[in-house]
Amino acid sequence: MSRRELQDLDQALADLAASLEFPPTPDLAAAVAARLDQAPARRPAAPARRRGRLAGLAGLIGRSGWRRLAVAGLAAVLLAAVVLVASPGTREAVARRLGLRGVGVELGGPPPPTVTTRPGERLDLGLGERVTLEEARRRVGFPVLVPGADGFRQPAAVFVNQAVPAGGRVDLVYRARPGLPASPFTDVGLLVTEFQGRPTPEFLKKVTTYGMVEEVTVGGEPGYWFSGEPHFFTYRDAAGNLRDEQTRLAGNTLVWQRGELTLRIEGELSRQEALGIAESMR
Amino acid sequence: MEGRPLDEQELVERAREGDARAYEALVRRYQDLAFRTAFVIAGGSADAEDAAQEGFVKAWYALPRFRAGSPFRPWLLAIVANEARNRRRSGRRQDDLALRVAEDRPSGDAAPSPEAAALAAEQRRLLLAAVGRLGESDRQVIACRYFLELSEAEMAAALGCRRGTVKSRLSRALHRLRTVLAEQGATAAPDARLQGGER
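Going down the list, the sequences are from chains A and B. The C-terminal residue of the first sequence carries number 282 in the numbering used here, and the numbering is unbroken. The C-terminal residue of the second sequence carries number 199 in the numbering used here, and the numbering is unbroken.
Simulated from the structure, these hints should not be mistaken for laboratory data. Even glycine gets a Cβ: it sits at the ideal position worked out from N, Cα and C. Please note that a few of the clues may not be correct.
[To be verified] Only some residues are given here: those of chain B computed to face chain A with a beta carbon under 7 Å:
| # | residue |
| --- | --- |
| 1 | Ser45 |
| 2 | Ile79 |
| 3 | Asn82 |
[To be verified] A few chain B residues that don't get close to chain A, going by computed Cβ distances all over 12 Å:
| # | residue |
| --- | --- |
| 4 | Glu10 |
| 5 | Asp32 |
| 6 | Ala48 |
| 7 | Glu49 |
| 8 | Asp50 |
| 9 | Gln53 |
| 10 | Pro71 |
| 11 | Arg73 |
| 12 | Ser113 |
| 13 | Arg133 |
| 14 | Glu152 |
| 15 | Ala153 |
| 16 | Ser171 |
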């Protein structure tokens, strides 16, 4: 195509755009305002000093290396809230049913309270120590699985935390890339968490008023798909207390069980993509 | 909000601190852009409305993580476009780029004769049809650039690609559009050559 032809086409498209009619825009401002009215109150932005540390996994990865990521974030793993579209009756019925080994799901109710964190406390709940995959496998008492799906066999980083929950936990982190957008909640492309679930829930997902929880099966075992509105994910520490100070909002999340293992993946994925990655874990 | 209207940065900063009214003003300011971007990606207006609304709600919750001072539009568009893609991927049906060419909006500076206006409208319809016959990715990059008039950074955010690849994607799409037009011209109007570009 000659330069002249390209200019003609460019001009013709600009001309077309000027006479193009999009469907009328619905009144989103009113709809969004109504939803935010009913939704859980948002935590205020962290003050500037603390934001430095919490400013997002990707930023931390880029600017100051993975060590800071370990400090920054169990927010990344631990707490979450969804909004369930259901009548109160249905919600109760669902609440009785929900739960996997190590994970409880609480529907409805107020958002987790804001708790002031003591200095240093956050360190105890970080993603843990950055290690190699082999090292993570040596440190925990369960087989660490890795997705077999194309593009996911090599996590960008692996973290191990042997203290929380008891029995340890491994996190696989994947950078955002084309086709795997950064989550607005974690700033990374995909986060995979694995731990040995106990009958008592150690993680609690809080689902408030909108959003969706769907029952799914992964490799024939039960799981849940949380989507729609962000949800809160809350962690119970070794003493059995819920660690609300680690509450963070989470995006689309798939949680499922495989034998004694409980797995969780979070990212801006569709349900089908999440299930594909989950099914591929070996 | 008192007195003069707040600029975008002030609105974003207030919304980041939890001011729901400031956020509502931002939604009002960008709802056209968000809805149309979602429409280009999801393909239908019901999905687009759904995606844009969900995107705005998600963005509200994600705002505390928004880096103060960085541009708001690409950040918002990335969230909305991703919602739109999820809706599209989940297999809902998509009615091409169901846009219409307005009949009576002459675009030249001089008022054209009725014949010239009809011819121009016909040419626009042919061009729009040709865009509609392109593959999804070509159609989207052309729509983002020309119909939504997005900047390069915004296009990258909306299309979920790196900023460096936007130009080459657009250029490839324009070449394919040219090919489609040439084929269309061979079978349709004897003179489907595009008007425009005269100096």
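Hint check:
1. Against a cut-off of 7 Å between C-beta atoms, the interface hint on serine 45 of chain B holds, since the closest Cβ of chain A lies about 4 Å away.
2. Using the Cβ-Cβ criterion of 7 Å, the hint placing isoleucine 79 of chain B at the interface with chain A is satisfied: the shortest such distance is roughly 6 Å.
3. Annotation: asparagine 82 of chain B was flagged as interfacial toward chain A, and the flag holds, the nearest CB pair being 5 Å apart, inside 7 Å.
4. Taking the minimum C-beta to C-beta distance to chain A, about 15 Å, the non-interface status of glutamate 10 of chain B holds against the 12 Å cut.
5. A Cβ of chain A approaches the Cβ of aspartate 32 of chain B within 12 Å, the least distance being about 5 Å, so the stated non-interface status is violated.
6. A cut-off of 12 Å between C-beta atoms contradicts the statement that alanine 48 of chain B is not in contact with chain A; the least separation is 8 Å.
7. Against the 12 Å criterion, glutamate 49 of chain B falls within the reach of chain A, whose nearest CB is about 5 Å from its own CB.
8. Non-interface call for aspartate 50 of chain B relative to chain A: violated, since the shortest CB-CB distance, roughly 10 Å, does not exceed 12 Å.
9. Not every Cβ of chain A is farther than 12 Å from the Cβ of glutamine 53 of chain B; the closest lies at roughly 5 Å, contradicting the non-interface assignment.
10. Look at proline 71 of chain B: its CB is around 15 Å from the nearest CB on chain A, clear of 12 Å, so calling it non-interface holds up.
11. Every beta carbon of chain A lies more than 12 Å from that of arginine 73 of chain B, the smallest distance being close to 15 Å; the non-interface claim holds.
12. Separation of serine 113 of chain B from chain A is adequate, the least Cβ-Cβ distance of about 17 Å exceeding the 12 Å criterion.
13. Consistency note on arginine 133 of chain B: stated as away from chain A, and its beta-carbon is indeed over 12 Å from all of that chain's, at 15 Å minimum.
14. Non-interface status of glutamate 152 of chain B relative to chain A is upheld: no Cβ of that chain comes within 12 Å, the nearest being about 15 Å off.
15. For alanine 153 of chain B, the condition that its CB be more than 12 Å from all CB atoms of chain A holds, with the nearest at approximately 15 Å.
16. Not every C-beta of chain A lies more than 12 Å from that of serine 171 of chain B, the closest at about 8 Å, which undercuts listing it as non-interface.
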